[in-house]
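Chain by chain, the residues:
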Amino acid sequence: MVSTATTSTAAAAVDGALAEGRAALVAYLPVGFPDVAASVEAAKAAVDGGADVVELGLPYSDPTMDGVTIQRAVDVALAQRTRPADVLRAVEAVAATGAAVLVMTYWPPIDRYGVDRFARDLASAGGAGLITPDLIPDEAGAWIGASEAEDLERVFLVAPSSTDARLALTAERSRGFVYAASLMGTTGARATVGAGARQLVERTRAAGAERVCVGLGVSTPDQAAEVAGYADGVIVGSAFVSRLLDAEDTAAGVRAVGQLAADLSAGIRRA
Amino acid sequence: MTTVDHPTPVVAPSFGPEPLAGERGPYFGAFGGRFVPEALVAALDEIDAAHRSAMSDPAFVEELAELHRTYSGRPSIITEVPRFAAHAGGARILLKREDLNHTGSHKINNVLGQALLTKRMGKRRVIAETGAGQHGVATATAAALMGLECVVYMGEEDTRRQALNVARMRLLGATVVPVTAGSRTLKDAVNEAFRDWVASVDTTHYVFGTVAGPHPFPVLVRDYQRIIGVEAREQVQGMTGRLPDAVCACVGGGSNAIGIFHAFLEDTDVRLFGFEAGGDGVATGRHASSITGGAPGVFQGARSFVLQDEDGQTVESHSISAGLDYPGVGPEHSWLGDSGRATYRSVTDREAMEAFKLLCRTEGIIPAIESAHALHGALGVARELGPDAVVLVNLSGRGDKDVDTAARWFDLVSDEDLVASEAERVADAPEDTEGSGW
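Protein chains in written order, with our numbering: chain Y, 3 to 273; chain F, 4 to 441.
Derived from the structure by calculation, the hints contain no laboratory data.
Fair warning: there could be bad hints in the mix.
[What the hints assert, rightly or not] Computed footprint of chain Y on chain F, listed as stretches where at least three residues anywhere in the stretch have a Cβ under 8 Å from a Cβ of chain Y: (1) 184-196; (2) 359-370.
[Claimed, not checked] Ranges of calculated distance between the beta carbons of each label pair, as one might list FRET restraints: (3) Y/Gly116 / F/Glu387: 37 to 45 Å; (4) Y/Leu20 / F/Met149: 23 to 31 Å; (5) F/Ala298 / Y/Ser126: 49 to 57 Å; (6) Y/Asp140 / F/Arg344: 51 to 59 Å; (7) F/Glu49 / Y/Glu22: 52 to 60 Å; (8) F/Gly367 / Y/Ala167: 42 to 50 Å; (9) F/Glu152 / Y/Thr252: 51 to 59 Å; (10) Y/Asp248 / F/Thr73: 29 to 37 Å; (11) F/Ala286 / Y/Arg83: 18 to 26 Å.
Glycine residues also receive a C-beta, built at the ideal position from the N, C-alpha and C atoms.
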């Protein structure tokens with residue numbers, strides 16, 4: 003797995019969007035749902051629709067941060083035994099479009115694979131880095147070393163409950179952007195974006211973060227427009243997965259993912 | 004929150020300088036840590052601080068001690084079991100009777116401490132995970148006692164296996180939520196409790212049931228369970244004039260084992276044995292022996308031994324004992340095992356059930372199937388150590404909840420009767436059994 007093109011970074015993708023006077027669109031899709039090939043097609047459709055950054059999910063058996071939509075998708079991916087090697091192949095295929103590709107993963111699979119080895123293989127596949135929802139900077143010594151060695155991005159999360167000291171620590175240890183969880187809760191569509199999201203973005207910037215993207219509960223173009231008004235990027239996950247879950251067949255699901263990306267992208271440009 | 008912070012700790016000798024017993028996390032050697040979402044870090048920090056302050060507050064310590072004396076029935080007694088021990092070559096075997104506690108197991112020790120801590124933190128709601136239902140029942144009990152709202156997450160598979168405990172929790176006013184995600188067992192109940200907690204942490208305390216999970220839970224739960232060993236160490240010396248040669252306990256997550264081990268950690272002549280659930284045998288792959296049959300990894304908030312496949316996906320555990328049927332184990336056990344201070348062995352379903360029957364028949368005590376793993380292990384240890392040995396066993400729970408399982412295992416009632424009684428139970432149940440509306 004040696005990529006010929008230069009890896010696109012999430013930082014560059016977000017900066018590119020900001021240079022156009024808008025926030026970036028970050029799209030999450032779990033690899034292996036409905037199957038590996040279709041998840042790659044869906045990710046490419048999201049890029050065609052306007053996603054600047056793609057997060058490819060590495061399925062894990064105990065996804066404590068995810069709501070029912072992503073749990074259902076991950077169950078399907080694991081039932082087909084989607085493996086880290088499948089995720090790396092998917093990264094390579096999606097990165098070939100020129101989009102920045104991050105892997106969103108719980109820590110146990112990476113720990114088991116070997117953090118240095120995964121960092122090497124991810125860099126070879128053209129991946130930009132990792133988003134780690136259950137790895138706080140305090141526990142990330144090995145990953146920080148490996149990502150420095152392979153020049154990979156490290157996206158850590160902050161939450162409304164984070165103290166200013168922890169925001170500063172997280173901002174300092176992150177590379178690429180900081181992922182601000184809009185509310186206290188798991189992934190999944192919600193009627194409104196957490197009221198504390200704007201304040202969290204401001205606090206995270208004040209704590210030193212260069213780029214702050216907002217996720218959790220963002221699913222509609224209106225919500226995307228709202229978040230794009232104050233954040234550097236808008237992260238959408240469950241809404242994309244729902245499109246695949248609800249579709250009559252894979253082709254229709256992939257089309258619906260592309261359409262949602264286009265709608266969200268339009269929403270962001272309205273902001 | 005009470006802010007009285009007295010300088011002299013009344014109990015909390017584990018703050019001492021001892022190399023092993025003084026370890027307070029977040030890491031025990033290479034094990035432990037906090038592999039959790041950032042959203043929970045503030046709550047974990049708050050619990051850690053509240054716990055430290057509570058442990059050095061004489062008023063808190065006395066309130067807990069009073070509950071132990073007048074509510075759960077401490078100190079629990081020691082029973083010597085010579086007719087049982089006769090099957091192991093004549094060594095003295097002593098049982099620490101945690102089965103006699105209110106609610107039927109050692110789980111109440113931890114829960115009373117955490118319920119008091121919940122009130123101290125100004126929270127009004129508790130959540131808990133449960134497998135066999137013992138921790139859920141204990142939590143529901145403490146919540147009823149202290150007027151806290153209580154929600155218990157239980158794998159759907161376990162709500163069927165332990166229907167009576169579901170009813171007990173509902174009688175006590177708790178809401179029991181059957182978890183349909185994943186394998187529908189204990190680990191999935193833990194996941195669901197974490198999902199609840201991340202959204203409710205402002206008002207809710209997660210009463211974690213064992214010495215696993217992210218820091219500070221392994222230390223917090225141990226601090227509330229170590230009373231077992233503190234009492235037993237003194238009791239055994241009073242009875243025999245010396246320390247035991249070995250201390251035996253069953254290990255699922257490991258709270259009863261740490262509870263009885265901890266006071267003996269610095270007694271280097273006292274050997275410590277943890278017995279994991281071997282299911283059909285470790286070689287078959289159908290077991291719950293994380294230390295003897297697993298490998299180090301990250302699982303549910305901590306680095307410890309875990310049953311996982313080559314991709315880091317959690318492997319389902321198997322045991323006749325629902326309370327030991329968990330693919331992880333507390334980090335302090337991983338550390339004690341790795342360093343050689345404690346020895347961990349695996350006991351199969353069949354071996355545990357033989358010991359279960361033997362204790363019933365020789366001593367008139369029906370043990371929990373969990374504890375029967377320790378009883379089987381103790382027989383082996385007693386044989387190894389010879390007739391002069393004194394072996395202390397933590398009888399962590401009673402077997403009332405296991406009568407149905409045992410009746411099936413030993414073929415004590417006909418299948419027709421079991422099916423009929425099951426059907427009757429279902430027919431008699433009201434349609435809406437979802438909680439406190441009865």
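Against the structure, the hints come out as follows:
{"no.": "1", "hint": "184-196", "result": "holds (count 5)"}
{"no.": "2", "hint": "359-370", "result": "violated (count 0)"}
{"no.": "3", "hint": "Y/Gly116 / F/Glu387: 37 to 45 Å", "result": "39 Å, holds"}
{"no.": "4", "hint": "Y/Leu20 / F/Met149: 23 to 31 Å", "result": "52 Å, violated"}
{"no.": "5", "hint": "F/Ala298 / Y/Ser126: 49 to 57 Å", "result": "26 Å, violated"}
{"no.": "6", "hint": "Y/Asp140 / F/Arg344: 51 to 59 Å", "result": "27 Å, violated"}
{"no.": "7", "hint": "F/Glu49 / Y/Glu22: 52 to 60 Å", "result": "43 Å, violated"}
{"no.": "8", "hint": "F/Gly367 / Y/Ala167: 42 to 50 Å", "result": "58 Å, violated"}
{"no.": "9", "hint": "F/Glu152 / Y/Thr252: 51 to 59 Å", "result": "44 Å, violated"}
{"no.": "10", "hint": "Y/Asp248 / F/Thr73: 29 to 37 Å", "result": "57 Å, violated"}
{"no.": "11", "hint": "F/Ala286 / Y/Arg83: 18 to 26 Å", "result": "23 Å, holds"}
In summary, the numbered hints that this structure violates are 2, 4, 5, 6, 7, 8, 9 and 10.
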